[in-house]
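The task is simple: from the sequences and hints, build the whole structure.
Protein chains in written order, with my numbering: chain A, 1 to 313; chain B, 1 to 313; chain C, 1 to 313; chain D, 1 to 313.
Hints should not be assumed to be uniformly reliable.
[Stated by the list, open to error] Just the calculated beta-carbon pair ranges, DEER-fashion:
#1 L207/D <-> Q92/B: 43 to 51 Å
#2 P247/C <-> P247/B: 53 to 61 Å
#3 R208/B <-> P37/C: 53 to 61 Å
#4 E180/D <-> Q92/A: 51 to 59 Å
#5 L207/D <-> E137/C: 17 to 25 Å
#6 D49/C <-> R285/D: 24 to 32 Å
#7 T68/B <-> S129/D: 35 to 43 Å
#8 L248/A <-> G187/B: 55 to 63 Å
#9 E180/D <-> R45/C: 27 to 35 Å
#10 R208/C <-> P251/A: 29 to 37 Å
#11 P210/D <-> R89/C: 25 to 33 Å
No lab work stands behind these hints: they were computed from the structure. Every residue gets a Cβ at the ideal spot worked out from N, C-alpha and C, and that includes glycine.
Protein chains: 4
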Amino acid sequence: MATPPTEAQVREYMRTLSNWGRWGKDDELGTINLITPAKRAAAARLVKDGVSVTCARPWSTEITAETTVQGMRFMVDSGEGRDHDSNERILQRRGAAEFIGMVFHGYSITHIDTPAHYFWQGKMYNGRSANLITSREGAQVESVDLLRDGVVSRGVLLDVAALRGRWLEAGEGVMPDDLEAAEKAQGVRVEPGDILLIRTGYYARRLREPRNPGRDGSPASHVACMPWFRARDIAMLGTDTHNDVSPLTHPALGNVVHIVGLVGMGLWLIDNGNLEELAQACAERRRWEFLLTVAPLRLQHTTGSPVNPIALF
Amino acid sequence: MATPPTEAQVREYMRTLSNWGRWGKDDELGTINLITPAKRAAAARLVKDGVSVTCARPWSTEITAETTVQGMRFMVDSGEGRDHDSNERILQRRGAAEFIGMVFHGYSITHIDTPAHYFWQGKMYNGRSANLITSREGAQVESVDLLRDGVVSRGVLLDVAALRGRWLEAGEGVMPDDLEAAEKAQGVRVEPGDILLIRTGYYARRLREPRNPGRDGSPASHVACMPWFRARDIAMLGTDTHNDVSPLTHPALGNVVHIVGLVGMGLWLIDNGNLEELAQACAERRRWEFLLTVAPLRLQHTTGSPVNPIALF
Amino acid sequence: MATPPTEAQVREYMRTLSNWGRWGKDDELGTINLITPAKRAAAARLVKDGVSVTCARPWSTEITAETTVQGMRFMVDSGEGRDHDSNERILQRRGAAEFIGMVFHGYSITHIDTPAHYFWQGKMYNGRSANLITSREGAQVESVDLLRDGVVSRGVLLDVAALRGRWLEAGEGVMPDDLEAAEKAQGVRVEPGDILLIRTGYYARRLREPRNPGRDGSPASHVACMPWFRARDIAMLGTDTHNDVSPLTHPALGNVVHIVGLVGMGLWLIDNGNLEELAQACAERRRWEFLLTVAPLRLQHTTGSPVNPIALF
Amino acid sequence: MATPPTEAQVREYMRTLSNWGRWGKDDELGTINLITPAKRAAAARLVKDGVSVTCARPWSTEITAETTVQGMRFMVDSGEGRDHDSNERILQRRGAAEFIGMVFHGYSITHIDTPAHYFWQGKMYNGRSANLITSREGAQVESVDLLRDGVVSRGVLLDVAALRGRWLEAGEGVMPDDLEAAEKAQGVRVEPGDILLIRTGYYARRLREPRNPGRDGSPASHVACMPWFRARDIAMLGTDTHNDVSPLTHPALGNVVHIVGLVGMGLWLIDNGNLEELAQACAERRRWEFLLTVAPLRLQHTTGSPVNPIALF
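Right, dumping it as structure tokens:
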């Protein structure tokens, strides 16, 4: 088992793993640059049986243990009474429709983080000032609409929970050794431009019992994996957690996977994924690679988007 | 040119084109049933060069001519001042994050309509009571999470605006003859399980000038196309309009494409698409078919979802 | 102790206590009609020492045991970073400002109920159809803006909790005998046009321990008091509860104080008041009457308003 | 006519008119300190005929020329269909209720500004850091709940529009001479602790024609009045405008009435008042003083509140 990096080593990651300037000083895409048309075409060739599988959790307005800001759904018009409405009234009413509202960041909604979501020493990815992300204007750079054409690539699932035969505990981090062991067990190798999905089993546990990652803790990829992610040049990281071990591994620094990943590497994240159905679909086929389509909403000036990533086998 | 149906004929469509009971009395999926794994696998085989293209319009909080309910984006935390915050304060602040809120139904946001969005004589698709869609509980049936695994199929674009060499005018409907002429011109044929996208040019016009479809009118597929859609057994219909001609072709009935499509046929819709980049990508390749992935958010009890449909060539 | 009314007797209240037609068939004000300018002027003459006291609970965005829909406060602009902003940037930023949002009905926010809030057999106060309160248009009648000039009258506090020397328990109703005993103990008599405030001690209890009235129960005025309210011709009823005993005294009918009061009598309610500081101010002065000003927001088409009723001694 | 102050003179106001430290270094109330119980009692003695009058504009969800953020009202439950609901269903449905949401700051909603709404050189009233007003926590000081017991005092209306016989134009400021002329014409004198209301006629104009103060301009009290307000020691200033002349009188400084008033003097403001009915009530009685009750909602951590100030004659 690799030794977790010290605080000083994590700070050093910000220099050694940095992608600042790698794709030019004006780049906002970060690791998304690693996905080429050829990569997408090759991913499409993985499709065999045409079964599609969600990687998202359901969204509701319920208050649960993990709720920070409650989701909202309010009907603008309903179907109630339409069986007795006059014809005149029916023509006045429009279709049933709703307002939906949410803070997708947090612990429960499957969503993308853009690099604008995080800061280090007043900077975000590629050296831009944190002051560009404002209350009034929103994300003036690194907005999620950069991904307007979707993130389509090979998805690879590394099922660390299956490897361990149990879910990872609160505070437990996935280590590089786990990733390599999973690669070996599954017969797959993570390559440049892949969207890497890592299953810790956290969501399986949360489906069984109420949990708040901030209060009750959570596993995640350990920051020790960051050099490995950089070496393999993954385009995006998604897990079934909020993507930082809780309690914090390096409390004086904060959420270090977010800091090193989003700020240092420009590595876009998928938080709070649901990899349960996906893991089953992979296991059934003994195949842990697939075409993955992540289609963020085209939200302007926004630091992420709720998503429903779709794997196609 | 086909003669548009009379009001009596449209009423008759509700019987002759009906899919009620076709997939069983408990069915909620409607025409989505037409997409099989084999269909998806075949669609994936269309992928050649790996270029992906959005079919969604950008979303913003701006009030425009077409706004009914303004979109909302409020920052829960920003990056302002982080370059001067104390380290203690930095650890208190979390990532930049926002609340987003919207009524996606309407005239501006690219979204899916589930069959629960519309009613006819107090009923929705497959004979269920409109009273199941309530202010308090939302859509108790026909909720968008039925599509949790995404809608992945062959997408076909029929570019009627290109065929005509101009955008369609307010009040002008795409007729079955147009669809067949486009098929012929493009060398493509719409088949069962396809997601049919029809470009009227409305969005091209709207990009040039402010327009409110309710007030200024809009083209759309004419209800006269419904028998054609039923004969071809399309799985989903998406256009660059709100999917009903405005002013109404049959004012005593209401939005007849919605009524016949959603209620009668269980035909799910994509409203307010953006087919501009797609049309260009198709024209460049002289190919109007592609793998299309529509990934609705997993909203519970909801009559639709904002989406960003992704075409992969 | 009076015997609580049977279900049949409560149904009979809808006829015997009815104010339908009392102020004309078009009336929407109900018992607010009982407040005359002379009544207000007399109430103002009660003012002696000029001390003002809130009757509202604080409002926050916290999720508590009693939350149904979380309150929302999102900053549109903040003060963060303004000490280092450039002068140019300072001129772009506007004042710190926020979005606030809430469902004021429920168990936690001090608010007014208009008669449009409740229904009985498809009708609301004065015989109007419940169908006038719609999802799309809101309250087309009985909207809170009817009270645009405020509700200003003599306020009278009957402190039943003080009389009992304890807070009332869940499921316990204030009975007419309690009201008369409190009148006697306090040396005050409730008269036409008064705003009657009744303290059960519920809010004192809730300040000490988390409680959800729907789940954990609540005291309130018992429906047995309705004939007494009608006989005394109070203009408005406010308590430190949500204004119906929980668990329900008459489960086959629902919230009977709301039904008899709002629907039958057109009696406007103040739910979820805070009578703690008020009770203390009254006790200190041995005076339970005061000038009370209730100033609803001028919300159009709305079934109530959050308020902060102010007592002036 | 007094000469408007130069930019240098306005800067000097921040020193000469400052109330920083006047009520102690921990004070947050600012000029609200000027309202004593004796002042309130005296104000109550002004009440003669018991007529109450609103000073607020109606609030709606309509998008108008002046909308920045649209108001929201969404029904959580309606009355639709209750005349045909089963009894079982009726017991499931609760009262008609709504979500309301708004950004009250801006140009259309009658609201209070707390001193936390504005900043000057990184500071707010009494020298506190602007960084205390944060996106995440809101107003950590100077929150509107400081006024939980209401602002109750003598209200005085100076009807400058009546004096001029016309509404003031965009860009036109009320000058100290106008105030004194109005005092003389009306036979009233503004005194310490008064809530001063100034009518420019702006709202009368806006009722006749759509206007956006930011784009079309607005009158207001000119910053030249600030020494007069300070000399008279008013407790609160309310007008029928957003309280700064537009276009700006001192564009290099910003909204100077807000800066000098909120930041320098700790003078709380009422923006976007409706003084039309009030002016008429005053003129009818030839009396421009009255008991005024301003009852902000008890919003925690908030820089203001929508209000409906009630004048009692």
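Looking back at the numbered hints, which does the structure fail to meet, lowest number first? When the structure is compared with the hints, none of them turns out to be violated.
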